[in-house]
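S.K.: Work out the full structure: start from the sequences and follow the hints.
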Amino acid sequence: MSEAAPVLEMRGISKRFPGVQALSAVDFRLLPGEVHAVMGQNGAGKSTLIKVLTGVHPADAGRILLEGREIRPSGPLEAQKLGISTVYQEVNLCPNLSVAENVCLGRDSSVFAIRWKELRRRAAELLAELNVHVDVTAPLASCSIAVQQMCAIARSLAARARILILDEPTSSLAEDEVQRLFTVIRRLKGQGMAILFITHFIDQTFEISDRITVLRNGLLVGEFPVSGLTRMELVTRMVGREISEGGPARAQASASPAAREAGRGPGAGVFLRASGLGRRGSVQGVDLEVRQGEALGIGGLLGSGRTETARLLFGIDRAEQGAIQIEGQRAELSSPLEAILRGIGFCPEDRKLEGIIGELSLRENLILALQAKRGVFRNLSRKRQEEIADSYVQALGIKAPDAETPIAQLSGGNQQKALIARWMATDPRMLILDEPTRGIDVAAKGEIMRQVMDLCDRGMAVVFISSEMDEVLRYSDRVAVMRDRHKVGELAARDADERTVFQIIAGGQA
Amino acid sequence: MSGPGPGEGRTAERLRGLARGRVFWPVVTLALLLAYNLATNPHFFSVTIRDGHLYGSLIDILNRASPLMIIVMGLTLVIATHGIDISVGAVVAISGAVAATLIGGQLVMSGGMQDVTRYPLPLVVIAALAVSLLFGMWNGMLVSLVGMQPIIATLILLVAGRGVAQLITSGQIITIYYSPFYFIGNGFVAGIPFSLYIVAAVFAVVALLARRTALGLFIEAVGLNPVAARFTGVRARSITFWVYAVCGLCSGIAGLIVSSNVKSADGNNAGLLFELDAILAVVLGGTSLSGGRFTLTGSLLGALVIQTLTTTIYAAGVPPEVTLVVKALVVFVVSILQSDPVRRRIAALGRAEEAAP
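Chains as they are written, first to last, in my numbering: chain Y, 53 to 562; chain Z, 3 to 359.
Please note: incorrect hints may appear among the correct ones.
Stated by the list, open to error - The calculated label-pair distances, taken between Cβ atoms and stated as ranges, are: (1) Z:Ser240 <-> Y:Lys133: 50 to 56 Å; (2) Y:Asp442 <-> Z:Val49: 46 to 52 Å; (3) Z:Ser292 <-> Y:Asp547: 50 to 56 Å; (4) Y:Ser433 <-> Z:Thr299: 18 to 24 Å; (5) Z:Thr50 <-> Y:Asp442: 53 to 59 Å; (6) Y:Arg434 <-> Z:Gly319: 55 to 61 Å; (7) Y:Asp442 <-> Z:Ser240: 55 to 61 Å; (8) Z:Val148 <-> Y:Glu170: 36 to 42 Å; (9) Z:Val344 <-> Y:Cys146: 43 to 49 Å; (10) Y:Cys146 <-> Z:Met150: 18 to 24 Å; (11) Y:Glu122 <-> Z:Ser240: 54 to 60 Å; (12) Y:Ser196 <-> Z:Leu339: 53 to 59 Å; (13) Z:Ser292 <-> Y:Cys146: 45 to 51 Å.
Simulated from the structure, these hints should not be mistaken for laboratory data. By construction, the Cβ of each residue, glycine as well, lies at the ideal position given by its N, Cα and C atoms.
M.R.: Following this line, the structure appears as structure tokens:
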């Protein structure tokens, strides 16, 4: 199989966007009749590679060879004419046209008249090839996402594609729908189609693909046959460094152990218990227990469902399955405000878009959550606001000309401190931190985490999410490990090192 | 803004601080317009007392601006949430139509005009305002619950509203023959037009709500970053809903003044193009259309600028065919002067001059 001539070759592809080198000198090849997965964490360059291949972005350097001949697609349409079809995660067909129209329209050579009967027959035929039997006259929107995806694939077949790119096709599918998709992929592969499969689901990669190309930070890590690669090796290559076995800090630290023991009586002290939490397109069946005075780390690769879990716990997304209990009482969290009123705070991952309100002053940003908790009419006086702002500016060492400075003008670390202070002001029982240390300098990181750990020692529950596994281990008492939108394990930080965690992520044990 | 500078630098600094303030430019524009009027008409500022009422160009401008001043109170809040309401003129017409219909257009002559109304005046006022509030809530529902783009959501009412107004009046222009109703737009209390008391009351209520409760902060937060505001516990949806409701109510109050002024309800022409004047007033007043920081005082000044401009153009004897062109030119120049790049350049000039000696 590996002796066959590649149907597609990309050589030395480089692409720079303002501020980031998205791809540098990446090689990629695709053989006919193979499923080739491209893996990497978010920002590794997977999407950019596809976009260069389909002509959405022109490459800065490098060549694309299709069956030995150089091509320069100027856009997805031209790529399609060359036989390269793409099916995106969010199916981008026309939802209000019929299935048949979506599958076949624009494919027929006849411009002046559409032969509807013929078109419907052909669409049904193509779909039947994929083992899909639906009413082709029904509007596409009436079909499930899975069927819509099949229609997109059928459309590629109608275009006589030789290369099929599936960009995160499984992320919004249920388990049985994934299996149906895989059956189709195998059949197409048997017919000699070359399939480029992008996913961050490790299990699925090993299930369906023949070879894996790993990217990291825009660089090619390597191309590996699946048979010669263990999950652990794959994860190590995606993360990109030798996994250290350095010991955890918090679990071994003796910071006021008395206080922590007090807050953690046997069985008691559980602040929040989530059981079977799930939502379509989010996470499935997550069980978590967050205890007072304890830091629960959530580890996992990017896209494994960590942030999604946090969103469910904070009421941003409503859980479709499962239940949340807060201090033994069932809690229906349907908005962040309800979570806040129950004593939860959340520092989101995207500080700029979801955290700060840039043009408001530092003072206003600091008191906003507390004011929201109190309601519109129990206004904090200007004097009280200034007192609160001043005390937190001092306590956390926020560097700003004064509290009236728009928060957007502060450095990232100071913004993050301000966001922590925003929640501290509400006197929370539980604080969720999603990537609190990203993009801030070491000193600020240390200060922030010291403050949070201090609060934790005084009885607050902490949920700590980070991609830096050593940080998760250092700042947590227990670590829940996520993979592929499921919780796959939980361990005490004191017994764990990075290697054991990555073994769980890789699926070695659970 | 009030950083104490050393000695002589203080005045310059204070001036610059003032220039940065939102209300600075509308004040300057208004002052320039008034100065121009004074130059061309020495009696412009004179206010006389006739029959115990104040009369004069200034009073006239204030009186005529009052519907607009009331509308911009509500519209400022809407714009601060990064929304827009282009249906205010239509609601003005609806409010007038409701009032006129409830009074009934009967002229009864027996020894002079008799004051006849089908329903008592308080009921008429309450009904007109309630209907306006309902239409405001309709806008709010479309934007906050249905998630429609504000300009589209309110465009619906802009188009439909005039039809609704004519439906209410059965397609007629209803003339009102009921003098107590005239008082709203034409009456005087202690020598000052009654409509200005209404402006003051609306301003006081809205300003109290916005600045003495946390509402102002929440509105700004929603306008600047709705996601972050929601994640911080602000009820973004309900705030959006209520600002549109309030805007409808304000337009309804303005509608009563307008119909009282002209003593009739004309579904087609009452409040025509008010939405454009109102948006202009808010923007001239210093509230950005991209939402966030807002100033009610600025919007009031903006409304006064627009009314003064209109009066000035008439007074200057500009032929009626081209008044709109002249108005547009002035607005164009003012908005360019107020834009951030120009303001920055002016600020840089000031700094260079200071550094030179």
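S.K.: Taking the hints in turn, state whether each one holds.
M.R.: Hints, one by one, checked against the model:
no.	hint	result
1	Z:Ser240 <-> Y:Lys133: 50 to 56 Å	holds (51 Å)
2	Y:Asp442 <-> Z:Val49: 46 to 52 Å	holds (49 Å)
3	Z:Ser292 <-> Y:Asp547: 50 to 56 Å	holds (53 Å)
4	Y:Ser433 <-> Z:Thr299: 18 to 24 Å	holds (21 Å)
5	Z:Thr50 <-> Y:Asp442: 53 to 59 Å	holds (55 Å)
6	Y:Arg434 <-> Z:Gly319: 55 to 61 Å	violated (50 Å)
7	Y:Asp442 <-> Z:Ser240: 55 to 61 Å	violated (31 Å)
8	Z:Val148 <-> Y:Glu170: 36 to 42 Å	holds (41 Å)
9	Z:Val344 <-> Y:Cys146: 43 to 49 Å	holds (45 Å)
10	Y:Cys146 <-> Z:Met150: 18 to 24 Å	holds (22 Å)
11	Y:Glu122 <-> Z:Ser240: 54 to 60 Å	holds (59 Å)
12	Y:Ser196 <-> Z:Leu339: 53 to 59 Å	holds (57 Å)
13	Z:Ser292 <-> Y:Cys146: 45 to 51 Å	violated (32 Å)
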